[in-house]
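Undergrad: Knowing the structure of chain Z, use the given hints to seat chain G on it.
Protein chains: 2
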Amino acid sequence: MEGFSLELRDQPEPLEQILVDCRDTLKYGVKTGHPRYFNQLSSGLDIVGLAGEWLSATANTNMFTYEIAPVFVVMEEILLKKMHEMVGWGEIEADGIFSPGGTISNLYSVLVARYKRFPEIKTKGMAALPHISLFVSEHSHYSIKKAAAVLGIGTDNVIAMKEEHILLAIPSDHIPLYVSATAGTTVYGAFDPLDNIADICEKYGLWMHVDAAWGGGLLMSRKHSFKLNGIERANSVTWNPHKLMGVPLQCSAFLVCEKGLLQACNQMCAGYLFQPDKQYDTTYDTGDKTIQCGRHVDVFKLWLMWKAKGTRGFEILINKSLELAEYLYRELNSRENFELVFDAEPELTNVCFWYIPPNLRRIPNGPEREKLLHQVAPKIKTRMIEEGTTMVSYQPHGDKVNFFRMVFSNPATRKSDVDFLLEEIERLGKDL
Amino acid sequence: MEGFSLELRDQPEPLEQILVDCRDTLKYGVKTGHPRYFNQLSSGLDIVGLAGEWLSATANTNMFTYEIAPVFVVMEEILLKKMHEMVGWGEIEADGIFSPGGTISNLYSVLVARYKRFPEIKTKGMAALPHISLFVSEHSHYSIKKAAAVLGIGTDNVIAMKEEHILLAIPSDHIPLYVSATAGTTVYGAFDPLDNIADICEKYGLWMHVDAAWGGGLLMSRKHSFKLNGIERANSVTWNPHKLMGVPLQCSAFLVCEKGLLQACNQMCAGYLFQPDKQYDTTYDTGDKTIQCGRHVDVFKLWLMWKAKGTRGFEILINKSLELAEYLYRELNSRENFELVFDAEPELTNVCFWYIPPNLRRIPNGPEREKLLHQVAPKIKTRMIEEGTTMVSYQPHGDKVNFFRMVFSNPATRKSDVDFLLEEIERLGKDL
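As they're listed, the protein sequences go chains Z and G.
Residue numbers for the first sequence follow my numbering, beginning at 1 and rising by one.
Residue numbers for the second sequence follow my numbering, beginning at 1 and rising by one.
In isolation and in its complexed conformation, chain Z is listed as follows (with noise of 0.2 angstroms):
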């Protein structure tokens, strides 16, 4: 904050401040399309998708009426169609609605799940339902577990599921509702058996949810796309094209396989913003369908990308992150100081591994060389922030401790970049 000038005052500051500001905003910013920043699970600067985010902050207009974003809405429904056609509902009057990120996406799931199953929960609340479980794979992401906190479910209710027997051990006054899927886990970019999840769930008549924010973009690629079977199976999907599609943040989606029941979940039927007596078809509003009022304009960059891309144009850029994964994979196999935490080819971007600098190469596996591998990640990305040359992520998961993540979506990235990031771990780690 030293020499950045950001506190507000009651007077305005002259033009060049204001530039000297911009400019001191990108400068002490993170370069998140750097081809070298892998840091999350969205990176890179498609430059049609920025047009598309610059042309959508010009129209600085609102999806929740099609009177105020006609050709928005209309984009909506069109990109939506084409996500269900991908996903396998192309013969379904399926629905959706695109929110603020992944995580809203995962509630809606929970949401809709909970009132087709309950309808009357919208008017009574919980008070009126049954004891209620959502069931969640194992590496899911923690955003069920939030949907379950904020929908007033409580995290206590989301029970990981390994195995079918779990669904036959709650208590019998407890009601299973709903599962979450996983296509494509934030930390080890796994796929769940959707085929064998979408067996149990019509067995026990459960919704079925795939989380696919992560994997969702594989089903871009004629190559990849098997690793999603049985998704056509689900009733929901919730798809994050600002993560491996590359499209700018925010653009989330969620996908629900039966027209009208966001609608009936969440319309309020406001009459101030919802007229009944419009000029056209009032279904094309769609601001009563979410859990929001306004809504930012998250669509248009995507079709413009999509347009400027083709199908095939995803496919090609999806198809080069997973070779560069395999790329990673391979070098880290080869290279003697570095440790894959799964020895299996990966099935997304996401390869796991520790770095093991030679001191601790000389410590035999036990407590005390797993207690100093911990401290290896965290230093490394310390110094590797300090100096600004790459940036990774790291945790620890299970009883796995501290290992790195790396993750392809940079469409900017080469296979040159991947050797230096592991010499930079080496440069920044060998003396740990």
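Bear in mind the hints are in silico, worked out from the structure with no lab data behind them.
Mixed in with the good hints there might be a few duds.
What the hints assert, rightly or not - Residues from chain G shown here face chain Z by an in silico Cβ test under 8 angstroms; the list is partial:
no. : residue
1   : L8
2   : I18
3   : A149
Said to hold, decoys possible - In the DSS-like style, the derived pairs of lysine-lysine whose C-alpha atoms are separated by at most 25 angstroms in a straight line are:
no. : chain 1 : residue 1 : chain 2 : residue 2
4   : Z       : K371      : G       : K278
5   : Z       : K124      : G       : K124
6   : Z       : K124      : G       : K162
7   : G       : K82       : Z       : K124
8   : Z       : K415      : Z       : K320
9   : G       : K124      : G       : K81
10  : G       : K320      : G       : K227
11  : G       : K31       : Z       : K278
12  : G       : K124      : G       : K259
13  : G       : K278      : Z       : K31
14  : G       : K227      : G       : K82
15  : Z       : K278      : G       : K203
16  : G       : K430      : Z       : K278
17  : Z       : K371      : Z       : K81
18  : G       : K278      : Z       : K27
19  : Z       : K430      : G       : K278
20  : Z       : K400      : G       : K203
21  : G       : K227      : G       : K203
22  : Z       : K203      : Z       : K116
23  : Z       : K162      : G       : K124
What the hints assert, rightly or not - Pulled from the structure, derived: some chain Z residues nowhere near chain G, Cβ distances all over 12 angstroms:
no. : residue
24  : I92
25  : P193
26  : N196
27  : D199
28  : F342
29  : P358
30  : E426
Cβ atoms here follow ideal geometry from the backbone N, Cα and C, with glycine treated the same way.
TA: For chain G alone, coordinates are given in the frame of chain Z:
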């Protein structure tokens, strides 16, 4: 949709087509920045705000961690602090978050009020809670009902409160939890008596929320801020700079008078994102305070506008919008073909009125005239949209048939635009 190639294909389209698409998108869109666009509470297009949004899009980052949005996270803190001061919380360690719209900000208020009183809600859900009731003032926004539906409280438990004794009339096994007062209602622009409501809330131990999504901007005006007297006694406040202050969509702040509550209510401690062993003070990671995970950068455009205008600049704009409302009110009073819904000086920029076509003036007051009058505003609006000359909202409200609701928030609007609107309504409606 004729002549506008909206469909998405497998193959990319040439750059020329992309440019045509951009032009068409703007051409068929609604010009929300036009000085004669009065359709919503958000209008206008501030050029510094737009530049801010463009820069935010270029930075393409995410508010969830300080690590990848250091500048924007600090700016959010500075903005919240500034807004706390203007609310009158300068001495309190308050908190807040920018959210995707006022409805989500209002949802936060109920969420946090519920958690404060019943922290077990987070893990146990509503099953562990007594029957709770929320109270709203008469013309409150529908978002509180929406929040009750989403949060599992149920819309039946949202009670419109006209008088204090309603609190005494609720069943003894129902716990009154929360009151939402409105500072600037959506249709009338009216202000609840906040000090009186604060007295009631203190007496009964209720959470006091002030929905100042629309009226909050008046806090920038030394002339008009008295209308929000008592807001300093609230537990939480919603304030949307994207409305009266003219910040591009979306920019909504939820303010809460207690530090730590948002975090406690919403945190899930996801290890992959909120590593405790980071190099910096991780209380700067705002992501676990929210119901989202990823969060769009909505703060920069407001920060930059505040720099460029100063608090005094916002004051000038807002005072001017109120002057236009007063001008319109006087004009309507003096023109015989118009009728005011309320014969009182506007408190905010809302002015509600009927246009009475000559044919209707011959019909005596009664159901027949009401029925015909109800059709006038929609018919005029249809013609307005077809001709594309101006745009204003209408709605029925309570026992009142369709009337026009004018609002001012666009700094580009002049008195001549107000004159134009009235003349245009007459021109389009005189044969009805």
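Undergrad: Over 12 angstroms from every CB of chain G: does Z/D199 meet that, or does the non-interface label fail?
TA: Answer for Z/D199: holds, closest chain G Cβ roughly 28 angstroms.
Undergrad: Under 8 angstroms, Cβ to Cβ, is where G/I18 needs to be relative to chain Z, so tell me if that hint holds or is violated.
TA: holds, 5 angstroms
Undergrad: Are the Cα positions of G/K278 and Z/K31 separated by 25 angstroms at most?
TA: It holds: about 19 angstroms lies between the C-alpha atoms, which stays within 25 angstroms.
Undergrad: What's the verdict on Z/K415 and Z/K320, does the C-alpha distance respect the 25 angstroms limit or exceed it?
TA: This hinted pair holds, its Cα atoms lying about 10 angstroms apart.
Undergrad: For the pair supplied as a hint, G/K227 and G/K203, is the alpha-carbon distance within the 25 angstroms limit?
TA: holds, 23 angstroms
Undergrad: Grab the minimum C-beta distance from G/L8 to chain Z and call the hint holds if it beats 8 angstroms, violated otherwise.
TA: This hint holds: G/L8 lies near chain Z, its Cβ roughly 5 angstroms from the closest one there, short of 8 angstroms.
Undergrad: Is the Cβ of Z/N196 more than 12 angstroms away from each Cβ in chain G?
TA: holds, 25 angstroms
Undergrad: Take a quick look at whether Z/K400 and G/K203 sit within 25 angstroms of each other, Cα to Cα.
TA: Violated, because 53 angstroms separates the two Cα atoms, which is more than 25 angstroms.
Undergrad: Keeping to a limit of 25 angstroms between CA atoms, is the pair of G/K278 and Z/K27 held or broken?
TA: Holds, at roughly 22 angstroms.
Undergrad: Take the C-alpha atoms of G/K82 and Z/K124, compute the straight-line distance between them, and say whether it is at most 25 angstroms.
TA: Judged against 25 angstroms, a Cα distance of about 39 angstroms means the pair is violated.
Undergrad: Would you check the hint for Z/K371 and G/K278, treating anything up to 25 angstroms between C-alpha atoms as holding?
TA: holds, 16 angstroms
Undergrad: Quickly compare the C-alpha distance for G/K124 and G/K81 to 25 angstroms and report which way the hint goes.
TA: Answer violated: G/K124 to G/K81 is near 33 angstroms, above 25 angstroms.
Of the numbered hints stated above, those contradicted by the structure are hints 7, 9, 15, 17, 20, listed in ascending order.
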